[in-house]
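Engineer: Take the given structure of chain A and dock chain B to it, following the hints.
There are 2 protein chains.
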Amino acid sequence: MLPKIINVTVKDVRFPTSTEQHGSDAMHTDPDYSTAYVVLHTDSELKGFGFTFTLGKGTEIVVCAVESLSRLVVGKSLEEIVRDFRGFYRLLTSDSQMRWLGPEKGVIHVATAAVLNAVWDLWARAEGKPLWKLLVDMDPEQLVSCIDFRYITDVLTEKEAVDLLLKAQEGRQQREDQMLSEGYPAYTTSCAWLGYSDQQLQQLCADALRGGWTRFKLKVGADLEDDVRRCRLIRQMIGPNNTLMIDANQKWDVDEAVSWVSRLAEFKPLWIEEPTSPDDILGHATISKALAPHGIGVATGEQCHNRVMFKQLLQASALQFVQIDSCRLGSVNENLAVMLMAHKFKVPVCPHSGGVGLCELVQHLILFDYICVSASLNNRMCEYVDHLHEHFTSPVVIKDAHYLPPKDPGYSCEMLDSSVQRYQFPDGEVWLQMNK
Amino acid sequence: MLPKIINVTVKDVRFPTSTEQHGSDAMHTDPDYSTAYVVLHTDSELKGFGFTFTLGKGTEIVVCAVESLSRLVVGKSLEEIVRDFRGFYRLLTSDSQMRWLGPEKGVIHVATAAVLNAVWDLWARAEGKPLWKLLVDMDPEQLVSCIDFRYITDVLTEKEAVDLLLKAQEGRQQREDQMLSEGYPAYTTSCAWLGYSDQQLQQLCADALRGGWTRFKLKVGADLEDDVRRCRLIRQMIGPNNTLMIDANQKWDVDEAVSWVSRLAEFKPLWIEEPTSPDDILGHATISKALAPHGIGVATGEQCHNRVMFKQLLQASALQFVQIDSCRLGSVNENLAVMLMAHKFKVPVCPHSGGVGLCELVQHLILFDYICVSASLNNRMCEYVDHLHEHFTSPVVIKDAHYLPPKDPGYSCEMLDSSVQRYQFPDGEVWLQMNK
Numbered sequence: 001m002l003p004k005i006i007n008v009t010v011k012d013v014r015f016p017t018s019t020e021q022h023g024s025d026a027m028h029t030d031p032d033y034s035t036a037y038v039v040l041h042t043d044s045e046l047k048g049f050g051f052t053f054t055l056g057k058g059t060e061i062v063v064c065a066v067e068s069l070s071r072l073v074v075g076k077s078l079e080e081i082v083r084d085f086r087g088f089y090r091l092l093t094s095d096s097q098m099r100w101l102g103p104e105k106g107v108i109h110v111a112t113a114a115v116l117n118a119v120w121d122l123w124a125r126a127e128g129k130p131l132w133k134l135l136v137d138m139d140p141e142q143l144v145s146c147i148d149f150r151y152i153t154d155v156l157t158e159k160e161a162v163d164l165l166l167k168a169q170e171g172r173q174q175r176e177d178q179m180l181s182e183g184y185p186a187y188t189t190s191c192a193w194l195g196y197s198d199q200q201l202q203q204l205c206a207d208a209l210r211g212g213w214t215r216f217k218l219k220v221g222a223d224l225e226d227d228v229r230r231c232r233l234i235r236q237m238i239g240p241n242n243t244l245m246i247d248a249n250q251k252w253d254v255d256e257a258v259s260w261v262s263r264l265a266e267f268k269p270l271w272i273e274e275p276t277s278p279d280d281i282l283g284h285a286t287i288s289k290a291l292a293p294h295g296i297g298v299a300t301g302e303q304c305h306n307r308v309m310f311k312q313l314l315q316a317s318a319l320q321f322v323q324i325d326s327c328r329l330g331s332v333n334e335n336l337a338v339m340l341m342a343h344k345f346k347v348p349v350c351p352h353s354g355g356v357g358l359c360e361l362v363q364h365l366i367l368f369d370y371i372c373v374s375a376s377l378n379n380r381m382c383e384y385v386d387h388l389h390e391h392f393t394s395p396v397v398i399k400d401a402h403y404l405p406p407k408d409p410g411y412s413c414e415m416l417d418s419s420v421q422r423y424q425f426p427d428g429e430v431w432l433q434m435n436k
Numbered sequence: 001m002l003p004k005i006i007n008v009t010v011k012d013v014r015f016p017t018s019t020e021q022h023g024s025d026a027m028h029t030d031p032d033y034s035t036a037y038v039v040l041h042t043d044s045e046l047k048g049f050g051f052t053f054t055l056g057k058g059t060e061i062v063v064c065a066v067e068s069l070s071r072l073v074v075g076k077s078l079e080e081i082v083r084d085f086r087g088f089y090r091l092l093t094s095d096s097q098m099r100w101l102g103p104e105k106g107v108i109h110v111a112t113a114a115v116l117n118a119v120w121d122l123w124a125r126a127e128g129k130p131l132w133k134l135l136v137d138m139d140p141e142q143l144v145s146c147i148d149f150r151y152i153t154d155v156l157t158e159k160e161a162v163d164l165l166l167k168a169q170e171g172r173q174q175r176e177d178q179m180l181s182e183g184y185p186a187y188t189t190s191c192a193w194l195g196y197s198d199q200q201l202q203q204l205c206a207d208a209l210r211g212g213w214t215r216f217k218l219k220v221g222a223d224l225e226d227d228v229r230r231c232r233l234i235r236q237m238i239g240p241n242n243t244l245m246i247d248a249n250q251k252w253d254v255d256e257a258v259s260w261v262s263r264l265a266e267f268k269p270l271w272i273e274e275p276t277s278p279d280d281i282l283g284h285a286t287i288s289k290a291l292a293p294h295g296i297g298v299a300t301g302e303q304c305h306n307r308v309m310f311k312q313l314l315q316a317s318a319l320q321f322v323q324i325d326s327c328r329l330g331s332v333n334e335n336l337a338v339m340l341m342a343h344k345f346k347v348p349v350c351p352h353s354g355g356v357g358l359c360e361l362v363q364h365l366i367l368f369d370y371i372c373v374s375a376s377l378n379n380r381m382c383e384y385v386d387h388l389h390e391h392f393t394s395p396v397v398i399k400d401a402h403y404l405p406p407k408d409p410g411y412s413c414e415m416l417d418s419s420v421q422r423y424q425f426p427d428g429e430v431w432l433q434m435n436k
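Quick mapping for you: the protein sequence lines, in order, are chains A and B.
Going by our numbering, the first sequence runs without a break in its numbering and finishes at 436.
Going by our numbering, the second sequence runs without a break in its numbering and finishes at 436.
Extracted from the complex, chain A is given alone in its bound form:
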């Protein structure tokens, strides 16, 4: 007997990361990593935990949106939800009055992600499995029944999706065993935030090399000469055989992106991430084409707001790396759609992560992607940032620059009660003290 959701609570939890420039980039100069943190209370002892990620100010708007969505959730049993998960997804995303506020984008969609993440967490807990294993054990028909194919059937139909999953079943057990022993390859963004000094960058990079890291991402886009110097510095430190990626966080217009990145080509970055507006599919296509001769790919996705946008990025050959996000897309449901489309177009998925809790969540998705969809590690890796994991009840485990598969039941979304209390905005102890 699966539990019934009888109440939804949501809290505004903010970490004052801006005080030390953690997470700083060309567009987000002072982020306070935050969450709208959702708890689904049920008629049993089980709870579901979920959240979406934000940068501080405005989290109160997402909290308000979760509260508005709650009326669609309270009273539903988990059985009723998972029996027609596509229908439940559409209930949240296509309410005939609320959809005007999106549809499926911005505040209302990240709030939907928070709620759905909590539902998936609840389901995995009810089944006593970590989320990735719940997904791995589902048969293709059931997986596909969670996806809303509206607006993507010109690229992927339900039948094609099932066929892709069936075809990838060969070797699945082997890949699961491999993941359990080796883990999934990661790269680090922790060394080179834009607000860090050269000295700090060198120190962190040296530490990371000693820790076995081989793939490094650098923030760029504020000042070209700074970028040249920092790229040279990091390339010298990591040598020619390790991997360098650069990330502009939407700083440029299309033409500027091409000329700026061309100047950094000598440092052989694997990709330029978010060169321009996340909405500019055709712009990304132009940039991709212009940078291909330099051997530089385009990566984007952390602010790509839904599957319809990813569909077009793939159709237009506008990106060479798909960066799914566990908290911006409509939870597992929409991420499944994007992973399957990426597979069809033979574009590797390299998830966006970091922030607070994003590593905890997205590891589940990329494990599933490898075991059940892509069956490849070629040009694939998952972002890792070494921040704020201590606030989670099941924090990520990194070993030799690999994510080890989570073992606890659920989607790893649960935060420590003490952290939620201390960092709640504006009344938690930490904020009261800062605002003294």
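Don't take each hint at face value.
Since copy identity is lost for identical chains, a pair holds within one copy or between any two.
[Said to hold, decoys possible] List time: in silico SDA-like cross-link candidates among lysine to any residue, alpha-carbon distance up to 20 Å:
no.	residue 1	residue 2
1	LYS4	TRP260
2	LYS407	HIS28
3	LYS76	THR243
4	LYS289	GLN315
5	LYS129	ASP30
6	LYS159	ASP255
7	LYS407	LEU204
8	LYS47	LEU72
9	LYS251	GLY87
10	LYS11	GLN97
11	LYS129	LEU180
12	LYS11	LEU204
13	LYS251	LEU91
14	LYS268	ARG235
15	LYS159	SER317
16	LYS159	LYS346
17	LYS47	PRO409
18	LYS11	SER68
19	LYS251	GLU158
20	LYS399	LEU377
21	LYS11	GLU60
22	LYS4	GLU67
23	LYS159	LYS344
Just so you know, the hints here were simulated from the structure itself, not pulled from any lab data.
As the structure is a computational prediction, the values presented were derived from the model and not from experiment.
Structural biologist: Relative to the frame of chain A, chain B by itself:
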């Protein structure tokens, strides 16, 4: 001495239009036309009024977002704002923490529109002019200084924009005089909401023909046989020389849109509006191409969330009619950008309107478009819906199916105090009575 903004108030005002199926379409079956209604209070007697349009549920989220944006507005003088309006636009849309919630899309962007609409209203009042006349009297450099060109310079630079405006100056006085005497041509959507019976449709259509209307829009997309019958009915009533348009409100996937609309081609619609997801630029391009041989254009824009999306719709030849919206785009500032891009691509602007208050606002923009940008009425017209005008202090004036230019100072955003009180949600008299 221009006034200084000392306080921002925002109210959730909803009209229970769903009770009579006004506004019903294939995706929005029961809208309660609503606004997040903003008042800028200043240190003088002048106030600025503005709003964004919503469909009922969720308006509280937009109210919350306006409250969050208010901290960026309070304390600013109008002079400081209009001296660098581009900077002020970017202050609201690119706050380094808040932009994560968009950027420039969904709840945060419609809330921005509400605030900026109120600023433009305040400015026009301070100048003692209706907004369209304020715009018409501004010189090209000043107009262009209100536009944020970020992410659109690959299609339109600041210099090009100035040149387009300079080129269109010839005949401007003549066009202004023409508008003052004749008004701007309108079409009606009031006859054929999806929830109306055939009898109601026939009655309203007969009335409209008697009232001088020559252009009619019909909602489609729920049931093909119904659509065939209703299209036949309305075409028979209006005859072969009047104009018919059809509107699916995003009901279809791409392939379905093409096959469905092809079945309605015999009724010679001028355009199919919103055939699929508002995010699907490439999908709209496919549909445009497939329907061109039938002589049917594609119109979209009421849920096109920003100038970057419009830019691509134009680049991809994905639409033949640009439907700007006064409450979804970032107010006048972003609409100026879209009108100029549309002009460059030689695509007519036919604004979205209706709802509550949209007619009041958008008439100003389309008057400016004709007088100062397009200089053409060919294939151009502005939507009109005959609802809820009685709640405004300066309601639209329609004469012989034309919008007559507003004469009162401001952006026509101000609602009657009594209406705001009665319809405020959930505590206004109307809602208290309905929920008894």
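Engineer: Are the hints correct? Go through all of them and say.
Structural biologist: So, going through the hints one by one against the coordinates:
1. LYS4 <-> TRP260: Answer is neither; intra-copy 54 Å and inter-copy 41 Å both fail.
2. LYS407 <-> HIS28: neither (34 Å within a copy, 44 Å between copies)
3. LYS76 <-> THR243: Neither way: LYS76 and THR243 sit 47 Å apart in one copy and 48 Å across, limit 20 Å.
4. LYS289 <-> GLN315: For LYS289 and GLN315, the Cα distance is within 20 Å both inside one copy (14 Å) and across copies (17 Å).
5. LYS129 <-> ASP30: neither (37 Å within a copy, 41 Å between copies)
6. LYS159 <-> ASP255: between (40 Å within a copy, 16 Å between copies)
7. LYS407 <-> LEU204: Neither. Shortest intra-copy (30 Å) and inter-copy (65 Å) distances fail the 20 Å Cα cut-off.
8. LYS47 <-> LEU72: within (17 Å within a copy, 39 Å between copies)
9. LYS251 <-> GLY87: between (38 Å within a copy, 16 Å between copies)
10. LYS11 <-> GLN97: between (25 Å within a copy, 18 Å between copies)
11. LYS129 <-> LEU180: Within one copy, since 14 Å is at most 20 Å while 70 Å is not.
12. LYS11 <-> LEU204: Intra 33 Å, inter 50 Å, cutoff 20 Å: neither.
13. LYS251 <-> LEU91: between (36 Å within a copy, 15 Å between copies)
14. LYS268 <-> ARG235: within (9 Å within a copy, 63 Å between copies)
15. LYS159 <-> SER317: neither (24 Å within a copy, 31 Å between copies)
16. LYS159 <-> LYS346: Answer is within: at 18 Å inside a copy they meet the 20 Å cutoff, but 41 Å across does not.
17. LYS47 <-> PRO409: within (12 Å within a copy, 56 Å between copies)
18. LYS11 <-> SER68: both (14 Å within a copy, 17 Å between copies)
19. LYS251 <-> GLU158: Result: close only across copies, 18 Å inter versus 37 Å intra.
20. LYS399 <-> LEU377: For LYS399 and LEU377, only the intra-copy Cα distance (17 Å) is at most 20 Å; the inter-copy one is 67 Å.
21. LYS11 <-> GLU60: Both, since 9 Å and 17 Å are each at most 20 Å.
22. LYS4 <-> GLU67: Within one copy only: 18 Å inside a chain, 35 Å across chains, cut-off 20 Å.
23. LYS159 <-> LYS344: within (13 Å within a copy, 43 Å between copies)
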